[in-house]
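Take these sequences, add in the hints, and give me the full structure.
Sequence lines, in order, name chains W and Y.
My numbering puts the first residue of the first sequence at 1, with every later residue one more than the last.
My numbering puts the first residue of the second sequence at 427, with every later residue one more than the last.
For the record, the hints were derived by calculation from the structure and aren't laboratory data.
For clarity, every value in this text was computed on a predicted model and none was experimentally measured.
Heads up, the beta-carbon is just placed ideally off N, CA and C, and yes, glycines get one too.
Incorrect hints may have been included.
Claimed, not checked - From chain W, some residues computed to sit far from chain Y (all C-beta separations above 10 angstroms):
1) Gly198
2) Ser261
3) Arg274
4) Met302
5) Leu317
6) Leu325
7) Gln392
8) Pro415
What the hints assert, rightly or not - A few chain Y residues facing chain W, derived, Cβ under 10 angstroms:
9) Ala495
10) Thr501
11) Leu503
12) Phe505
13) Gly539
The lines below spell out each chain.
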Amino acid sequence: MELLILFGTFVLLLLIGTPVAFCLGVASFATAFYLGMPPLIVFQRLSSGVSSFALMAIPFFIYAGDLMVRGGIAARLVRLAGSIVGHLRGGLGQVNIAASTLFGGISGSAVADASAIGGLMIPQMKERGYDVDYAVNVTVTSAVIALLIPPSHNMIIYSISAGGTISIADLFTAGIVPGLMLAAALMLAAWFVARQRGYPVEPFPGLAMIARLAVAAIPGILLIAIIFGGVRSGVFTASESSCIAIVYALAVTVFVYRSMSWSDFVAATLGAVRTTAMVLLVIGCAAAFGWLLAYLRVPAAMIAFMKTISENPVVILLLINVLLLFLGTFMDMSPLIVITTPIFLPVVTAYGMDPVHFGAVLILNLGIGLCTPPVGSVLFVGCAVAKIPIAQAVRTIWPFYLSSVVVLLLVTYIPELSLWLPRLFH
Amino acid sequence: MRSNLHRLAALLHLLSTAALWVAGVGLVAMTAATAWQVFGRYVLNSSPSWTEPVSLILMGWFIFLGAAAGVREDTHLGFDVLVTVVPAKVAVAMRFLSDLAVIVFGAGMAYFGALLAAGTWSATIPVLRLPGTVEYVSIVLGGVLIALFGLEKLVRRLAGMAPAHVPVDEARAEEAVWNS
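Structural data, given as structure tokens:
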């Protein structure tokens with residue numbers, strides 16, 4: 001009965017369109033009430049759930065990303081990517097993917113990636129005779145790379161949802177190989193489609209030009225090194241490195257590029273407040289929800305239930321992947337991470353999976369969900385930038401979905417892909 | 427009656443803008459405190475001990491006030507597919523219930539947050555030597571604003587007024603950034 005109240009209230013409120021944070025909060029509130037607990041406890045969990053130093057990395061990384069987009073750091077990375085891969089078949093499509101990969105190194109947000117890279121690339125691609133649907137497909141699916149390449153604030157959300165015991169440095173490192181694999185797979189898909197449709201290639205600009213563009217992009221590339229190197233070596237915590245990224249982005253855009261105005265700064269700050277206060281409230285409410293889940297022994301029941309379905313980890317992982325892909329089609333990423341981690345992580349570890357490995361699988365899986373209708377914020381942003389209806393973009397997106405799912409299966413079933421690199425650092 | 431409602435709406439608009447700005451200042455102050463922490467550790471060779479607890483209190487302000495402004499600006503993400511496909515009458519009922527849930531939770535944050543604040547008056551936050559109450563002020567204030575803005579939405583619907591959407595067409599993409 002308690003479970004019915006907890007999940008029933010949550011699902012009911014979710015279906016009628018209540019914001020996710022309040023679905024979680026009210027469901028926990030109602031359940032505590034039913035159990036005869038002092039409801040105070042829910043709000044205490046909420047308050048303690050948001051007072052963790054690790055959590056600060058989330059607003060910081062999003063803020064830093066916003067500053068870098070407005071300050072022109074992203075644009076310089078795109079130009080560099082253009083000079084390197086523009087001469088490949090599907091030219092600007094390849095550029096788009098390479099740019100997303102580079103951008104992923106300074107931002108962990110797929111939506112920011114789609115709006116920043118899409119905003120720069122889609123108009124260019126249209127102008128050069130690429131079909132708009134192709135431009136959107138490439139933009140949207142390659143934005144997922146940003147989630148895997150460090151820094152990734154979603155990996156931090158996962159670590160916090162798992163109780164804060166999983167090393168963020170390991171999670172960051174674990175995303176690199178899957179991220180690069182996804183980039184390669186998408187470039188392959190982009191190449192095939194480009195060949196079928198006969199898209200042009202860009203002339204090779206020459207090594208001198210590449211070098212010049214690389215120099216212009218150095219501040220951005222340096223930032224990638226600072227963030228990853230700092231976290232990996234333990235010089236900074238993830239929160240500190242994200243804070244350094246803000247200070248650095250401000251310094252570069254104000255003093256070096258001189259492209260940041262006061263109004264840009266205010267817009268970036270208020271934008272970061274708008275976007276992150278909500279996700280942090282979701283995380284706080286999920287802390288109360290998760291506490292009740294554990295109190296009601298849901299994870300243990302889930303493991304027992306899964307064991308009745310199959311003892312074979314291959315089957316269970318497939319099942320969890322399908323379920324997550326399904327949930328991902330109509331729910332957003334960060335609420336899904338905070339809700340599903342406490343339920344599924346104990347299950348997969350009971351089947352012998354490494355929590356770091358599961359983190360890479362979860363992020364990639366839910367990332368694909370951001371590109372699928374009916375609810376996919378990255379898809380929405382891509383279509384909004386290109387001004388085409390979602391149906392038009394989705395009709396031809398299959399080769400890109402297929403590549404992403406193949407990479408997902410590889411990452412799921414070959415643990416070494418995510419665990420090899422972190423192990424090298426130990 | 428109508429013009430009183432409009433005057434009230436203007437006041438609420440002011441409140442939500444103020445909440446957003448306070449949250450923004452909180453974010454900048456949090457950044458400064460954390461940057462100072464790193465600077466202290468590596469440059470001054472002495473880690474300041476106040477930066478972490480202060481950042482955490484600032485984050486409370488940033489989250490709860492920012493989330494309250496989000497209620498008024500309607501930027502909280504949820505599952506809104508069903509609401510758009512059901513008959514209009516059902517949608518009205520759904521929205522009504524949904525607003526009610528927001529109000530209840532906001533009121534809960536305010537009431538129980540106040541109990542927590544009152545109960546921790548004699549406790550001391552280490553390092554800062556402030557009463558524990560300080561930690562819970564933001565949740566109370568955020569809760570009050572959330573309930574207030576939720577109530578405003580409900581009243582607007584009942585009175586047939588247009589929703590209080592701030593014109594944020596251009597900001598929409600940014601607002602979705604949080605979930606990616």
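Here is what the structure says about each hint:
For glycine 198/W, the shortest C-beta to C-beta distance to chain Y comes to about 32 angstroms, beyond the 10 angstroms cut-off, and the non-interface label holds. Every CB of chain Y is more than 10 angstroms from the CB of serine 261/W (nearest about 16 angstroms), matching its label as outside the interface. At roughly 5 angstroms from the closest C-beta of chain Y, the C-beta of arginine 274/W falls inside 10 angstroms, breaking its exclusion from the interface. With a minimum CB-CB distance of about 22 angstroms to chain Y, methionine 302/W clears the 10 angstroms threshold, and the non-interface call stands.
The beta carbon of leucine 317/W sits about 24 angstroms from the closest Cβ of chain Y, which is more than 10 angstroms, so the claim that it is off the interface holds. Against the 10 angstroms criterion, leucine 325/W stays outside the reach of chain Y, whose nearest CB is about 16 angstroms from its own CB. Every CB of chain Y is more than 10 angstroms from the CB of glutamine 392/W (nearest about 19 angstroms), matching its label as outside the interface. The Cβ of proline 415/W sits about 26 angstroms from the closest Cβ of chain Y, beyond the 10 angstroms cut-off, so the non-interface label holds.
With its C-beta approaching chain W no nearer than about 7 angstroms, alanine 495/Y sits inside the 10 angstroms limit, and its interface hint holds. Contact between threonine 501/Y and chain W, as hinted, is supported at the beta carbon level, the nearest pair being about 6 angstroms apart and thus within 10 angstroms. With a cut of 10 angstroms, the hint placing leucine 503/Y at the interface with chain W holds, because the nearest CB-to-CB distance is about 6 angstroms. At a threshold of 10 angstroms, the smallest CB-CB gap from phenylalanine 505/Y to chain W is about 5 angstroms, leaving the interface hint in force.
Because the closest C-beta pair between glycine 539/Y and chain W is about 6 angstroms apart, less than 10 angstroms, the hint holds.
The structure is inconsistent with hint 3 alone, although it conforms to all the rest.
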